[in-house]
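S.K.: Chain by chain, the residues run as shown.
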Amino acid sequence: MNAFLEVRDLRKTFGGLTAVDDVSFKLEKGQILGLVGPNGSGKSTMLNLLSGVYAADGGSVSLNGRSLAGLAPNAIASAGLARTFQNLQIFHGLSVGENVSVGRSCRMRSSVLGSVFGTSFARREEADARDQAFSLLSLVGLERYLDEPPSSLSYGQRRLLELARALASSPSVLMLDEPCAGLSQGEADELAVLIRRLGESGIGVIVIEHNMRFVMGLVDHIVALNFGRKIAEGDPRSIRENEAVIAAYLGRKRHAAH
Amino acid sequence: MVPPRKSARSRLLRLIAPVGLLAILIALPLALKNNYQLGIAHQALIFIILAVGYDVLLGFTGLLSFGHIGLFAIGAYTSALLVMSTGAPFLIGLMGAAVLTGFVGFLISIPALRIKGHYLTLLTLALGEVIRLVLRSMEWLTHGSSGLSGIPRPEILGFSFRQALPLYYLLLLFAVLTVVFVWRLKASRFGRAFMAIRDAEIGAEVCGVNTSKMKMMAFAISAIIAGVAGSLYAHTMRFISPEFFSLGLTIILLAMVLVGGRGTILGPAIGAALLIALPEVLRFVKEYYLLVFGIAIWLCVILLPDGLAGLGRRLLKRVGLAA
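Each protein sequence line maps, in turn, to chains B and H.
Quick note: the first sequence uses the working numbering, first residue 1, plus one each step.
Quick note: the second sequence uses the working numbering, first residue 1, plus one each step.
Not one of these hints is a red herring.
Here are some chain H residues pointing at chain B (derived, C-beta under 7 Å): (1) P3; (2) L185; (3) R189; (4) R192; (5) V206.
To be clear, the hints were calculated from the coordinates, so they are not data collected in a lab.
The structure displayed is predicted, hence computed values, not measured ones.
Don't be surprised by glycine CBs; every beta carbon is placed ideally from N, CA and C.
Next up, chain B with everything else stripped away, as it sits in the complex (with noise of 0.2 Å):
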């Protein structure tokens, strides 16, 4: 089977820290992959890497045969890899609504002429925009919210209009960075029903999260992190028996796994 996302010997380096480690992993289409590992291990660097708001030093991103390397931000966005983010970046000056529409920035095509001018080209596709927001924002349940300021959403359904705003570009890759903190359990186990839905429909998803229930009864493949090196990977089952990775959560001497 061809990868959808492949990531070959991805290497980024700190001045003398080594935050990612020639890591090298598969995406296929649909599946739902989580990055796992203790804090500092080169996970969220990882993420940064793939949506380009790092440049790697080394190794290689491709997208369905396509390579990513030294594509900015938003030309990587446009090529259907999306992501949230840990610390949120959300639009604090828009409504929510609006937010979920910039995520959906480069599939626009309207000129800023036909946008001030309302050409029915313009108006059609505002009207999309706002259309395609609503149903996006109902998926995650903030549907009410549309033309609300972000400032009236909770942090944790803040992660969710990220989520919302990151599927406005039609990613075929949809990579959370830790979408659980700030849900309680009931609405986590919501999200995981609805990600588990995105890799039904197509999407694959690479998320990191440190909410071990959450991963293990969501994720199909995990790849482990620690000191920015892939330490194991496999089914979540055989993670969880890995002598490797019970040494770097538990801080234990390495045993020789590899």
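Dock chain H against the given chain B, drawing on the hints supplied.
M.R.: Just chain H now, kept in the frame of chain B:
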């Protein structure tokens, strides 16, 4: 699924302030006693255009440029020189001013893509001063510090705006067009992208906003509006000199947007009108004018962090009208 329409009542409420303001501006000449007061009103309208355009950069996109008055100056000189030396009609001068300032705004945006925050402000401050110095030293073209005088009043298709009253309505038309343009822009994908860059630049980029292109557009649009305002200024005042376009005017422009409320459209417009009218109203305090002026701005910044527009919004909410 179909989203609910914004309620008719809330849309109506949003129109009250702009329509009321427009009605006042249309009727204003009736209340003005002489051509001198009408002249103040001319300046207020020109600065409304300039401040609303400046807000695209400062209020929407969050880019603090201190070079905006330089663009205003280029617009004024371009239009005046085109009309005076080639005998071109006013509208050609105006368009020439808009094209040239738009181009200069685009040029300024290139380094602005790499430089951020205070450094960008310093860079634009230097550019604004350079523009003023160049205008002063190119004597063969601009008559240096003695300035250009005898600039003709606008004439469009044979209709002359030499008289103060028709000129007032011509300027009002341009001000309304600018406000409508910026208002439509704000509601479009471009306005959303500008504000997304202001609120969370990395978030905007990852959402697919081409931040470089959008910043360039904000610079260029804001510059084109400054060029139009500059052209109108030259043909209204009939005299321009480099000293008028000083750093002090940059600060006043900034104050107009901040006092009015940045990121709103009516705010900077009201701020501009206020800051032009204030010196006239404060004439009785004579030499203490700057002191009173300073204290007024200081109070505004402390008491009205969101400017006058923010105050209006809060009052509406207080009486339970705002949606």
